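Undergrad: Residues per chain, in single letters:
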Amino acid sequence: MNSRDEILQAVSQNQPTFAALPNVDMLLGDNTDLVAKFISTLTAIGGKVIPVKSMGDVRYLLLSDMAADIREVTTVPLLGDIMELITKKTKQGHSLENVDKAIIEASFAVAENGAVWVTENKVLVRALPFICQHLSVIVHTSNILPTMHEAYKLIANDKYGFGTFIAGPSKTADIEQSLVLGAHGPRTMTIYLMG
Amino acid sequence: MNTATKDHAELAGDFNKDIDRVDWHDETLWWIRQKRDIAVHKLPEWELLRETASQIKNNVLSNLNNYLQQFEANAQSNGIVVHWAADAQEHNAIVLALLKKNGITQMVKSKSMLTEECHLNEHLEANGIGVIDSDLGERIVQLAKEMPSHIVLPCIHKKKEEIGELFHIHLNTPKGNADPQFLTETARQHLRDTFLTRKAALTGVNFAVAETGEFVVCTNEGNADMGAHLADIHIASMGIEKIIPERKHLGVFLRLLTRSATGQPITTYSSHFVKPREGQEMHIIMVDNGRSIQLGREDFRNSLKCIRCGACMNTCPVYRRSGGHSYHYAISGPIGSILAPNLDMEKYADLPFASTLCGSCTNVCPVKIDIHDQLYKWRQVIVQKGYVPAAKKASMQAMAWVLASPGKYHMAGKAARFTMKLVPFAVNNQLNPWYKHRDMPKVPQQSFGEWYDKNRDN
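The listed protein sequences derive, respectively, from chains A and B.
With the working numbering applied, the first sequence covers 1 to 195.
With the working numbering applied, the second sequence covers 1001 to 1458.
There may be inaccurate statements among the hints.
[To be verified] One-sided and incomplete, this derived list gives chain B residues near chain A with beta-carbon spacing under 10 Å:
(1) Asn1065
(2) Leu1136
(3) Arg1277
[Unchecked claim] Partial list, computed: chain B residues near chain A (C-beta under 8 Å):
(4) Ser1077
(5) Val1081
(6) Glu1090
(7) Ile1163
(8) Leu1254
(9) Pro1265
(10) Ser1270
(11) Leu1295
(12) Asp1299
(13) Asn1342
(14) Leu1343
(15) Gln1446
The set of hints was computed from the structure by calculation and includes no laboratory data.
These numbers come from a predicted model, not from an experiment.
Cβ coordinates follow ideal geometry from the N, Cα and C atoms, glycine included.
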């Protein structure tokens, strides 16, 4: 017998009598003050929120903050005329090693923990939101959900090859519990909160 | 570090030689426990969340054979190669074979307690493969040639000056610089090059979803993602108990995990790996290594519900004052003490005794494992099997002999009071194993029995 069959046989023999799954729907959160909650939570974990009205505002802010000698990339086609546009042809993450700033879109955000949900369809190259020095994410205020339960309800049947919740800049406190922002991923995370 | 021949009490004794360090360690972990409390108290539904998580895990354990097969089928149809390993040796052999097949001699690895349990690094290094641990805390203990002392905070036992010295020796930083910001930046630069040049990355698995065949890896540093997304081969190692039934159950566990661990609302990254990216190979190794045996131990199977948050360590009065290395096992603290004896009852016979049974671990456990009850039950099993140290066994037998007869009991009580009052050094010395672990009590003038005899007529 191979290990697979041995393990499955041992598990079948040893597992306890069947216990039913609980209902998780009673854990759903409430919809009050979602924008304020999201902003305060993300700010508390080291993120920055910039409220904007439209994509025009984002363009204006990006243009006014642009420097000549740094590489800025985006996956948002509407911003493709002001900075390098990442496409499906940008195959290898290695080519993004010197990206200073990346601007991407997220499907939704979660108020209770400041996270945004980003899938491979949105970032095109999986390494992008991790390898850039600074990450900016565009999210609409109408897409802020109360808790993770609403988040998983929304994506319950979604098909994605890779998806990730990102909550703030990368960080570590491994040296004497001193919090340092910018461990291996982005040093900063900025949310353009639209609406 | 030779810990093979020392037990928890001796190793704790070593750690306690430096009182200032013990106090610092104790306070640091208690501070993390307090952060957990603040985060938890913000959620009025916390207890319902814990109960729900516990019930989901009960369901998982009761239906594990089906979930494992469901996960396997779904992962395979997503293009992931699934391997099964009966024990640590088989797990390590699978990793080595995958690397050899692809001519890879260097690998980057993010945090995986399972690979610590399997001693993967040692095995690969003995076979000419270099492994670099990419979690900052794990990299630090790797440079120091030590084991992690905590599952979430691997180098919580180290002072920043010691880390500065390690970086000075291995990464060429200026001598005497112990600034956490500077040291972290140095590690970032050094490991960025590692991420960009490694063809293989190994990650752990926090949760594997049977319904979808995806697995979730949580980090704050982004090191698992940096490794996995830049490597040609991604190997994910998971214990078979990491399965959860459906994607929606992630909502319950991700809400509990970091709030319990560090007081954060969620890790910076909670990455869901469903399919390999184009041109990439993705492998999952599902490891038993004693888990199916633990599943059959009615009193101890609940330990398999663990999600590795470390809350039981941060709250444990023994862990905080004895340090993670005193447990001489990959997973330290209360949860390690109920997992380790399953693997080797004789080697880890001391661990269930490394507890005051205060129950704090059970109170903070996000999946409601009855940790302190299991510690108590392991003691019974270990004594019955004859794995307790000879001195403890002899004194327990003597105690049983004395307690069996009222005459002997009164006699012994008198003798003890006499001895401890007149010649306390006869018991308060290093030859008495009981005294080593405890202060002896003050001696009363008379026993309750004597007092009662004298006062019964009043």
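Undergrad: With reference to the structure, classify each hint as holding or not holding.
TA: Status of each hint after checking the structure:
1. With a cut of 10 Å, the hint placing Asn1065(B) at the interface with chain A holds, because the nearest CB-to-CB distance is about 4 Å.
2. Taking 10 Å as the C-beta contact cut-off toward chain A, the hint placing Leu1136(B) at the interface holds, the least distance being around 4 Å.
3. For the restraint placing Arg1277(B) at the interface with chain A, the shortest Cβ-Cβ distance is roughly 5 Å, inside the 10 Å limit, so the hint holds.
4. Interface hint status for Ser1077(B): violated, as the beta-carbon distance to the closest one in chain A is roughly 12 Å, over 8 Å.
5. A distance limit of 8 Å between C-beta atoms decides the matter here; for Val1081(B) the minimum to chain A is near 13 Å, and the interface restraint is violated.
6. Of the supplied interface hints, the one on Glu1090(B) holds, with its beta-carbon coming within about 6 Å of a beta-carbon of chain A, less than 8 Å.
7. Against a cut-off of 8 Å between C-beta atoms, the interface hint on Ile1163(B) holds, since the closest Cβ of chain A lies about 6 Å away.
8. The criterion of a C-beta within 8 Å of any C-beta in chain A is met by Leu1254(B), whose closest approach is roughly 6 Å, and the hint holds.
9. Checking Pro1265(B) against chain A by beta carbon gives a least distance of about 4 Å; that is within 8 Å, so the hint holds.
10. The interface hint given for Ser1270(B) is met, as the beta carbon of that residue sits about 4 Å from the closest beta carbon of chain A, less than 8 Å.
11. Hint status for Leu1295(B): holds, given a least beta-carbon distance of 4 Å to chain A, under 8 Å.
12. The restraint placing Asp1299(B) at the interface with chain A is violated, with a minimum CB-CB distance near 12 Å, outside the 8 Å limit.
13. At its closest, the beta carbon of Asn1342(B) sits 12 Å from a beta carbon of chain A; the interface hint therefore is violated under the 8 Å criterion.
14. Given hint, Leu1343(B) at the interface with chain A, is violated; its Cβ is 15 Å from that chain's nearest Cβ, farther than 8 Å.
15. Annotation: interface hint on Gln1446(B) violated; nearest CB of chain A at approximately 51 Å, more than 8 Å.
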